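Enquirer: Top line first, the protein sequences correspond to chains A and B.
Here the first sequence stands for residues 0 to 239, numbered as in numbering that gives the first Met the number 0.
Here the second sequence stands for residues 0 to 252, numbered as in numbering that gives the first Met the number 0.
It is worth saying that the hints were derived from the structure and are not from the lab.
Treat the numbers as computed from the prediction; the structure is a model and nothing was measured.
By construction, the Cβ of each residue, glycine as well, lies at the ideal position given by its N, Cα and C atoms.
Check the hints yourself; a few may be wrong.
Claimed, not checked - Simulated restraints on C-beta separations:
| no. | chain 1 | residue 1 | chain 2 | residue 2 | range |
| --- | --- | --- | --- | --- | --- |
| 1 | A | K32 | B | S249 | 33 to 43 Å |
| 2 | A | V90 | B | A166 | 21 to 31 Å |
| 3 | A | A42 | B | G95 | 48 to 58 Å |
| 4 | A | I96 | B | S250 | 21 to 31 Å |
| 5 | B | P52 | A | A107 | 39 to 49 Å |
| 6 | A | R169 | B | D181 | 50 to 60 Å |
| 7 | A | D235 | B | K66 | 47 to 57 Å |
| 8 | B | R219 | A | E52 | 34 to 44 Å |
| 9 | B | A166 | A | Q60 | 50 to 60 Å |
| 10 | B | A163 | A | P123 | 23 to 33 Å |
| 11 | B | S249 | A | G141 | 57 to 67 Å |
| 12 | B | G95 | A | T65 | 40 to 50 Å |
| 13 | B | P52 | A | P123 | 44 to 54 Å |
| 14 | B | E142 | A | V182 | 46 to 56 Å |
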Amino acid sequence: MTTVVFIIVLVIFAASLYDAGGTTMDPCLESMKTASLPDLPYAYDALEPVISEEIMRLHHQKHHQTYVTQYNKALNSLRSAMADGDHSAVVKLQSLIKFNGGGHVNHAIFWKNLAPVHEGGGKPPHDPLSSAIDAHFGSLEGLIQKMNAEGAAVQGSGWVWLGLDRELKRLVVETTANQDPLVTKGTHLVPLIGIDVWEHAYYPQYKNARAEYLKNIWSVINWKYAADIFEKHSRDLDTN
Amino acid sequence: MHLNYQKAEPSIKLKTHTDSTGVCSPHLSLKLELQSQSMAASIAVTANYVLQPPPYALDALEPHMSKQTLEFHWGKHHRAYVDNLKKQVLGTDLEGKPLDHIINKTYNNGDLLPAFNNAAQAWNHEFFWESMKPNGGGKPSGELLALLERDFTSYEKFYEEFNAAAATQFGAGWAWLAYANDKLKVVKTPNAVNPLVLGSFPLLTIDVWEHAYYLDFQNRRPDYIKTFMNNLVSWEAVSARLEAAKVASSSSA
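Isolated chain A (complex conformation) (with noise of 0.2 Å):
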């Protein structure tokens, strides 16, 4: 009987350490978290009449919805790739995660850089971020003039960031295209305020005129979310 219950124990065994796929998947990859929609953090309504309720609707539930679904897919196909070894396929996967994975990241810091007027939205930031503002730019006014005019001149889509470079210790405004995030203009870069100048950010409510959204939104930027970022890595940087 020891010796029949011994056989399947070792059976079992031996059946627990052949792959029929081949190869192990690593267990990294396997419990590699999905992406998912964040919940806004205000009423869909409640950056009325800055950004009506009907974009907001649209932008958070099919587009931002989209780009994560896409990004799941893509990151799914992914695995499969990588698990195949099919080295051809992991390469032309990229381009659909750059966008949709930038898609979902933008997107989501995008909902945090707005806050309703309430909430404190519009309301200018405070320091360390004020008096580097002030620094670089000459005032608050003088960084958001640039913001909106290299807003404004995005060609096709594509975002409009005030950035902290890490590395140079100073503000940034940068521009980049489609999805791309920042870090695609320098992995030292972090992203401070985006404005989304796609046009399925303003259209339904402004149409052509991108100049108005840009002047009117910063009525419902969240200074705060902004300067709490850069006073962490002010701090970060002061101690290094």
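Based on the hints, put chain B in the right spot on chain A.
Expert: Coordinates of chain B only, in the frame set by chain A:
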């Protein structure tokens, strides 16, 4: 301010056509300009820096493309490209040059110069309006159908490929049916880029910038593309352009 428009020789003008209701459209005229020095002989839609109206009333494409869309897309977006182009070339060596010359020059082998966006978009939009007609869409016939079947195995395969190109162009851009080396192909381009600068003859285009469909379809770009294919495409325009392209490529060979 008079802008000198240089007429390139030789030129073949296709006369306007009379549509099914007996209305003669004054705007559907293509002037062929052969540029022996450039890589691609181009079919120049000679906007002459003038905002040409579409060859139909702004509400004529309803319900597939709304009057409101035409009012903004043509009345604001297209108009701005033309107006801004005029301002941009004033006092430069591009001033007074034909539109396709400006496009090729400012494309600059992909390292775009400032006037490219306005010039190419002015051209692209006039080409787009003329790619559509009221009660358009569906399957073409005759030689065009035969060529589509030859180069895509079937009209359905072409439809799929054109749809996929239009749907998968990231961000802003265009999808095209183009002709080069005696072959039809589907091409997608970003932002303002068009097949002229890529060495092929454009035959058909769909604008997939969000402003082209957002008022009517919001985020639903695939629905917009299907509506365009099923209800708006002017195969007559495509056929005329194909004929012109064949003549141009055999002349410059």
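Enquirer: Hints first: check each against the structure and report whether it holds.
Expert: Right, here's what the structure says about each hint:
1. K32(A) x S249(B): 33 to 43 Å: 59 Å Cβ-Cβ, so the 33 to 43 Å window is violated.
2. V90(A) x A166(B): 21 to 31 Å: Given range 21 to 31 Å: holds, Cβ gap about 22 Å.
3. A42(A) x G95(B): 48 to 58 Å: 55 Å, holds
4. I96(A) x S250(B): 21 to 31 Å: Violated, since I96(A) and S250(B) (Cβ atoms, about 46 Å apart) do not stay within the stated range.
5. P52(B) x A107(A): 39 to 49 Å: 43 Å Cβ-Cβ, so the 39 to 49 Å window holds.
6. R169(A) x D181(B): 50 to 60 Å: Since the Cβ atoms of R169(A) and D181(B) sit about 56 Å apart, the hinted range of 50 to 60 Å holds.
7. D235(A) x K66(B): 47 to 57 Å: 56 Å, holds
8. R219(B) x E52(A): 34 to 44 Å: 19 Å, violated
9. A166(B) x Q60(A): 50 to 60 Å: 20 Å, violated
10. A163(B) x P123(A): 23 to 33 Å: Roughly 48 Å apart at Cβ, these two residues miss the hinted range, so it is violated.
11. S249(B) x G141(A): 57 to 67 Å: 59 Å, holds
12. G95(B) x T65(A): 40 to 50 Å: Roughly 45 Å apart at Cβ, these two residues keep to the hinted range, so it holds.
13. P52(B) x P123(A): 44 to 54 Å: 47 Å, holds
14. E142(B) x V182(A): 46 to 56 Å: About 51 Å separates the Cβ atoms of E142(B) and V182(A), which means 46 to 56 Å holds.
Hint compliance for this structure: hints 1, 4, 8, 9, 10 are broken, all remaining hints hold.
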